[in-house]
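Chemist: Sequence:
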Amino acid sequence: MTAVGTVPESAQTADRAFQVLDAVARRGASTMAELVRETGLERRILGRLVGSLLKAGVVDRAEPDGRYELGTRLVELAAIAERRNGLLARARPVLDELLETVEATTILHRVHSDHIAPMLVLTPTDVVSVGYPMGRRIALHEGTGRAALAWLPADRVEEVLTSLAEDRRAAVEEGVAEVRRTGVALSLGEVVRGVAAVGAAVRDARGTPLAVVAVVAPEGLHPERFAAEVHAAARRIEP
Numbered sequence: 025m026t027a028v029g030t031v032p033e034s035a036q037t038a039d040r041a042f043q044v045l046d047a048v049a050r051r052g053a054s055t056m057a058e059l060v061r062e063t064g065l066e067r068r069i070l071g072r073l074v075g076s077l078l079k080a081g082v083v084d085r086a087e088p089d090g091r092y093e094l095g096t097r098l099v100e101l102a103a104i105a106e107r108r109n110g111l112l113a114r115a116r117p118v119l120d121e122l123l124e125t126v127e128a129t130t131i132l133h134r135v136h137s138d139h140i141a142p143m144l145v146l147t148p149t150d151v152v153s154v155g156y157p158m159g160r161r162i163a164l165h166e167g168t169g170r171a172a173l174a175w176l177p178a179d180r181v182e183e184v185l186t187s188l189a190e191d192r193r194a195a196v197e198e199g200v201a202e203v204r205r206t207g208v209a210l211s212l213g214e215v216v217r218g219v220a221a222v223g224a225a226v227r228d229a230r231g232t233p234l235a236v237v238a239v240v241a242p243e244g245l246h247p248e249r250f251a252a253e254v255h256a257a258a259r260r261i262e263p
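Its first residue numbered 25, the sequence shown is counted upward by one per residue in the numbering used here.
None of these hints come from the bench; they were simulated from the model.
Since the model is a prediction, treat every value here as computed from it, not as a measurement.
All C-beta atoms in this analysis are idealised placements derived from N, C-alpha and C, irrespective of residue type, glycine included.
Just to be clear, a hint being listed does not mean it is correct.
[To be verified] Pair by pair, the computed Cβ-Cβ distance ranges are:
| id | residue 1 | residue 2 | range |
| --- | --- | --- | --- |
| 1 | 201 | 262 | 18 to 28 Å |
| 2 | 90 | 39 | 21 to 31 Å |
| 3 | 249 | 88 | 23 to 33 Å |
| 4 | 101 | 201 | 36 to 46 Å |
[To be verified] Below, computed lysine to any residue pairings styled on SDA-like, alpha-carbon distance capped at 20 Å:
| id | residue 1 | residue 2 |
| --- | --- | --- |
| 5 | 79 | 100 |
| 6 | 79 | 98 |
| 7 | 79 | 56 |
| 8 | 79 | 45 |
| 9 | 79 | 37 |
| 10 | 79 | 43 |
| 11 | 79 | 91 |
| 12 | 79 | 112 |
| 13 | 79 | 116 |
| 14 | 79 | 96 |
| 15 | 79 | 67 |
| 16 | 79 | 95 |
| 17 | 79 | 113 |
| 18 | 79 | 89 |
| 19 | 79 | 69 |
| 20 | 79 | 99 |
| 21 | 79 | 46 |
| 22 | 79 | 42 |
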């Protein structure tokens, strides 16, 4: 029996397994020592987890150095998720069309409790574009994260703002007001130096942000000029 107030061992194991997967997604191919530092887990515990993840195929050993990387089973699961996830199913044809129009990296981010993270990344094949790692997270107060933050309940917005330094809070408040006025969030070298982005929230019938559609490109290509197209794409994806 699990004691009151304690986390069941199975739940703790699952949390740790996802912690390892997140670490590998962020770092790329990693040694065991690097994963120990990244996750803070004991090497003995980490070794057991990695062994289970290897067996499940969600982590593989990279050649020739044996580092740990995300496994091919995740690709299979992602393909299944794309077919069965309603949001992805609605978004894919819209983002395909947006990609053809803007000829720049086009992304669908899922909104999480304190960040947005990519569900789908499309890149053009015949022009210079920005590569975007699937593991990258953007805080809600940063860049295109504000496209989601602006439509969260007031108490949640205040919670995010309270965590910021006073000068940073003022800038984010201004950015949130801009999103509410224009429908899009702009990021000019804010998340990655030299890279700009424009994003708009996909919201449900109650106005809650579910996802963010974004176009990302080198600053010199001025992706902000595609604000209208990004906003229209987000509206088309909404349920």
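Chemist: Run every hint past the structure and note whether it holds.
Modeler: Verification of the supplied hints:
{"no.": "1", "hint": "201 to 262: 18 to 28 Å", "in the structure": "22 Å, holds"}
{"no.": "2", "hint": "90 to 39: 21 to 31 Å", "in the structure": "26 Å, holds"}
{"no.": "3", "hint": "249 to 88: 23 to 33 Å", "in the structure": "45 Å, violated"}
{"no.": "4", "hint": "101 to 201: 36 to 46 Å", "in the structure": "39 Å, holds"}
{"no.": "5", "hint": "79 to 100", "in the structure": "15 Å, holds"}
{"no.": "6", "hint": "79 to 98", "in the structure": "13 Å, holds"}
{"no.": "7", "hint": "79 to 56", "in the structure": "16 Å, holds"}
{"no.": "8", "hint": "79 to 45", "in the structure": "14 Å, holds"}
{"no.": "9", "hint": "79 to 37", "in the structure": "15 Å, holds"}
{"no.": "10", "hint": "79 to 43", "in the structure": "17 Å, holds"}
{"no.": "11", "hint": "79 to 91", "in the structure": "15 Å, holds"}
{"no.": "12", "hint": "79 to 112", "in the structure": "28 Å, violated"}
{"no.": "13", "hint": "79 to 116", "in the structure": "31 Å, violated"}
{"no.": "14", "hint": "79 to 96", "in the structure": "12 Å, holds"}
{"no.": "15", "hint": "79 to 67", "in the structure": "18 Å, holds"}
{"no.": "16", "hint": "79 to 95", "in the structure": "10 Å, holds"}
{"no.": "17", "hint": "79 to 113", "in the structure": "30 Å, violated"}
{"no.": "18", "hint": "79 to 89", "in the structure": "19 Å, holds"}
{"no.": "19", "hint": "79 to 69", "in the structure": "16 Å, holds"}
{"no.": "20", "hint": "79 to 99", "in the structure": "16 Å, holds"}
{"no.": "21", "hint": "79 to 46", "in the structure": "18 Å, holds"}
{"no.": "22", "hint": "79 to 42", "in the structure": "15 Å, holds"}
The structure shown violates the earlier hints numbered 3, 12, 13, 17.
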